[in-house]
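Trainee: Given the sequences, and given the hints that come with them, work out the whole structure.
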Amino acid sequence: MAFKRNPQTFNASINEVTIGTGDKAVTLGGGNTFPMYTFDGEAKNKVAIGVEISDSGVDMTVPGIAEYYAGAEGIGAIAKKASEMPGADFVVLTLDGADPNGANKSVEDCVAVAKEVADAIDCPLAIQGCKNIEKDIQLFEKVAEALAGKNVLFISAREESYKSIAAAAVMAYKQKISAESAVDINLAKQLNVLISQMGIQPENYVMNVGSAAAGYGFEYVASTLDRVRGAALGQNDAMLQMPIVTPVSSEAWSVKEAVVSEEDFPEWGAREERGIEMEVSTAAAVIAGGSNAVILRHPKTVDTIARLVGALM
Amino acid sequence: MGKFVIIGERIHCISPSIKKAMETMDPAPILARAKEQLDAGATYLHVNIGPAEKNGEELMKWAVTTIQSEFDNVPLCLDTANRKAIEAGISVYNRSKGKPIVNSADAGDRIENIDLAADNDAIVIALCSKAGVPADNDERMMYCQEMLERGMELGMDPTEDMWFDPLFLVIKGMQDKQMDVLEFIKQLSDMGFKSTGGLSNVSNMAPKELRPILDSTTVAMAMYCGLTSAIVNPCDRRLVETIKSADIIKNNALYADSFLDL
Chain A
1 MAFKRNPQTF NASINEVTIG TGDKAVTLGG GNTFPMYTFD GEAKNKVAIG
51 VEISDSGVDM TVPGIAEYYA GAEGIGAIAK KASEMPGADF VVLTLDGADP
101 NGANKSVEDC VAVAKEVADA IDCPLAIQGC KNIEKDIQLF EKVAEALAGK
151 NVLFISAREE SYKSIAAAAV MAYKQKISAE SAVDINLAKQ LNVLISQMGI
201 QPENYVMNVG SAAAGYGFEY VASTLDRVRG AALGQNDAML QMPIVTPVSS
251 EAWSVKEAVV SEEDFPEWGA REERGIEMEV STAAAVIAGG SNAVILRHPK
301 TVDTIARLVG ALM
Chain B
1 MGKFVIIGER IHCISPSIKK AMETMDPAPI LARAKEQLDA GATYLHVNIG
51 PAEKNGEELM KWAVTTIQSE FDNVPLCLDT ANRKAIEAGI SVYNRSKGKP
101 IVNSADAGDR IENIDLAADN DAIVIALCSK AGVPADNDER MMYCQEMLER
151 GMELGMDPTE DMWFDPLFLV IKGMQDKQMD VLEFIKQLSD MGFKSTGGLS
201 NVSNMAPKEL RPILDSTTVA MAMYCGLTSA IVNPCDRRLV ETIKSADIIK
251 NNALYADSFL DL
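If you read the protein sequences in the order shown, they are chains A and B.
In terms of this note's numbering, the first sequence is numbered consecutively and its last residue is 313.
In terms of this note's numbering, the second sequence is numbered consecutively and its last residue is 262.
It is worth saying that the hints were derived from the structure and are not from the lab.
One or more of the hints may lead you astray.
Estimated spans, in silico, between C-beta atoms of each pair [what the hints assert, rightly or not]:
id	chain 1	residue 1	chain 2	residue 2	range
1	A	Tyr220	B	Ala32	40 to 50 Å
2	A	Phe39	B	Glu160	23 to 33 Å
3	A	Phe39	B	Asn55	46 to 56 Å
4	B	Gly108	A	Lys4	35 to 45 Å
5	A	Gly199	B	Glu183	40 to 50 Å
6	B	Glu241	A	Thr61	54 to 64 Å
7	A	Tyr220	B	His12	48 to 58 Å
8	A	Glu134	B	Asp257	22 to 32 Å
9	A	Tyr220	B	Gly108	50 to 60 Å
10	B	Ala32	A	Gly234	27 to 37 Å
11	A	Asn236	B	Leu260	12 to 22 Å
Note that beta-carbon positions come from the ideal geometry of N, C-alpha and C, so glycine has one too.
Mentor: Next comes the structure, spelled out in structure tokens:
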């Protein structure tokens with residue numbers, strides 16, 4: 001019997017959210033098929049890649065990263081290099097230095113850094129906080145104000161902080177936000193409901209439904225992604241149709257495989273290769289699960305994932 | 001399975017204010033009824049213009065465009081004995097939010113409403129009855145089969161576009177028949193068919209304060225048996241909360257703490 005092609009179609013689609021402005025603005029989401037099922041329908045927009053840089057400077061312990069940014073003096077020059085990395089669609093500035101338990105940089109200093117980065121690049125920008133709820137609220141309010149008109153994505157708004165961040169970033173300064181929940185599908189939906197009940201329109205927020213490096217509880221991330229996309233398309237659940245932006249690098253480069261030295265574990269081989277492998281395998285897996293954008297660090301990972309996306313979408 | 005489809009029943013010419021609005025083609029009372037039902041959780045709105053022998057076509061067209069243009073092409077369920085009026089309504093109907101529903105066909109005098117739905121690519125509510133109340137489920141199933149054959153001959157997709165109505169019966173007077181109705185819903189569900197009906201009929205003649213509890217208990221039991229839709233008053237909060245909760249328990253919708261707000 002001849003093979004009968006039976007496309008799986010849905011009367012639902014993922015929302016489209018645009019970040020940045022002008023020619024290089026990036027639109028996320030928009031598809032109405034399961035991830036990468038381009039044989040069933042239109043993916044609409046390609047999975048986007050964000051290149052992560054930190055206000056604390058370049059990680060000189062990873063030779064490939066140190067080499068790529070060699071000669072870039074100051075955060076503006078680093079940001080420009082990041083935006084030019086082959087495969088990059090947008091730049092992600094992580095304000096690690098703001099952490100009260102770390103360098104505890106002032107909000108003013110962080111705003112200056114963010115402005116310098118925004119001025120140095122012509123692609124879209126995302127800002128990641130320091131993961132301290134109180135500090136991130138203060139930071140995002142001021143950075144959103146300073147970067148008004150740039151259509152920046154703020155990562156992230158959590159259950160404890162969404163009200164202040166949505167009010168400041170989206171309502172006051174027309175920026176975008178990412179709703180973050182930690183591998184909990186019911187909370188992911190609830191947070192989206194709460195944000196929508198503030199009057200925030202669907203084109204103004206994305207979500208991060210949780211991330212973990214491959215091998216570190218990734219099966220929970222995978223099943224969450226599957227169920228989120230299943231409900232968004234199969235049940236036409238408007239409260240789960242936000243594009244998904246998954247930070248990969250922060251997870252992949254902090255697990256044992258990417259951290260311990262070759263001297264301590266000679267049988268594991270070069271640390272850099274292990275880190276790249278963690279980053280590539282995690283990114284590829286979350287893309288297969290439905291992420292519409294991933295955040296990466298290493299030039300080799302960015303190149304690999306860009307080629308993967310280019311070949312499949 | 002998709003979420004339960006609530007068809008809001010309150011735009012009905014039996015209501016004096018709606019009757020008057022239809023006579024004078026005054027949109028305000030109709031739009032007010034539409035809005036309160038949509039806000040309360042209705043997916044489809046039922047529009048009953050009565051026998052409408054004189055100006056049925058004009059009236060149904062007016063009702064369809066008036067309601068759809070105000071409420072983002074909300075899908076509608078059209079009800080009148082005047083078949084030309086239903087066709088006229090469908091001719092101006094916008095399908096972007098769902099096909100029109102023809103209410104209703106039965107296995108007797110109204111069987112041609114299946115043809116009407118088939119000719120106009122509409123959904124039909126197929127009442128499993130011929131004249132009066134079926135004696136038992138064998139009789140219901142016989143009518144169901146008759147209508148099914150007719151629909152299929154006309155090229156309808158029976159699992160999508162024929163919604164069978166088991167004929168809900170009033171508890172006060174036909175208490176011993178209630179489990180039959182539920183059992184029949186189960187049979188329809190097992191065959192892969194969708195179902196709907198005038199569920200609030202079960203509480204007819206019961207004291208007003210008891211109707212929500214009887215209706216919501218019936219809907220919960222019927223949803224367990226596989227009922228996929230009902231024509232109800234969505235402004236009955238208890239009923240809608242029960243439907244939303246049953247949709248969660250059936251895994252038709254994903255749970256979130258605010259599920260009752262959605």
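Trainee: Give a verdict on every hint.
Mentor: Verification of the supplied hints:
Taking 40 to 50 Å as the suggested C-beta distance range, the pair A/Tyr220 and B/Ala32 conforms, at roughly 48 Å. With their beta carbons about 24 Å apart, A/Phe39 and B/Glu160 fall inside the hinted range of 23 to 33 Å. Take A/Phe39 and B/Asn55: their Cβ atoms lie about 52 Å apart, and the range 46 to 56 Å holds. Restraint check, B/Gly108 to A/Lys4: a C-beta distance of roughly 40 Å satisfies the suggested window 35 to 45 Å.
Between A/Gly199 and B/Glu183 the CB atoms are about 47 Å apart, so this pair conforms to the stated range of 40 to 50 Å. Between B/Glu241 and A/Thr61 the beta carbon distance is about 57 Å. The supplied range of 54 to 64 Å therefore holds. Taking 48 to 58 Å as the suggested C-beta distance range, the pair A/Tyr220 and B/His12 conforms, at roughly 50 Å. Roughly 24 Å separates the CB atoms of A/Glu134 and B/Asp257, a value that falls within the hinted 22 to 32 Å.
In this structure the hint that A/Tyr220 and B/Gly108 lie 50 to 60 Å apart at CB holds, the actual value being about 56 Å. Distance hint check for B/Ala32 and A/Gly234: the Cβ-Cβ separation is about 35 Å, which falls inside the suggested range of 27 to 37 Å. Remark: the range hint 12 to 22 Å for A/Asn236 to B/Leu260 is upheld by a beta-carbon distance near 19 Å.
Figure legend: structure checked against the earlier numbered hints; every hint is met.
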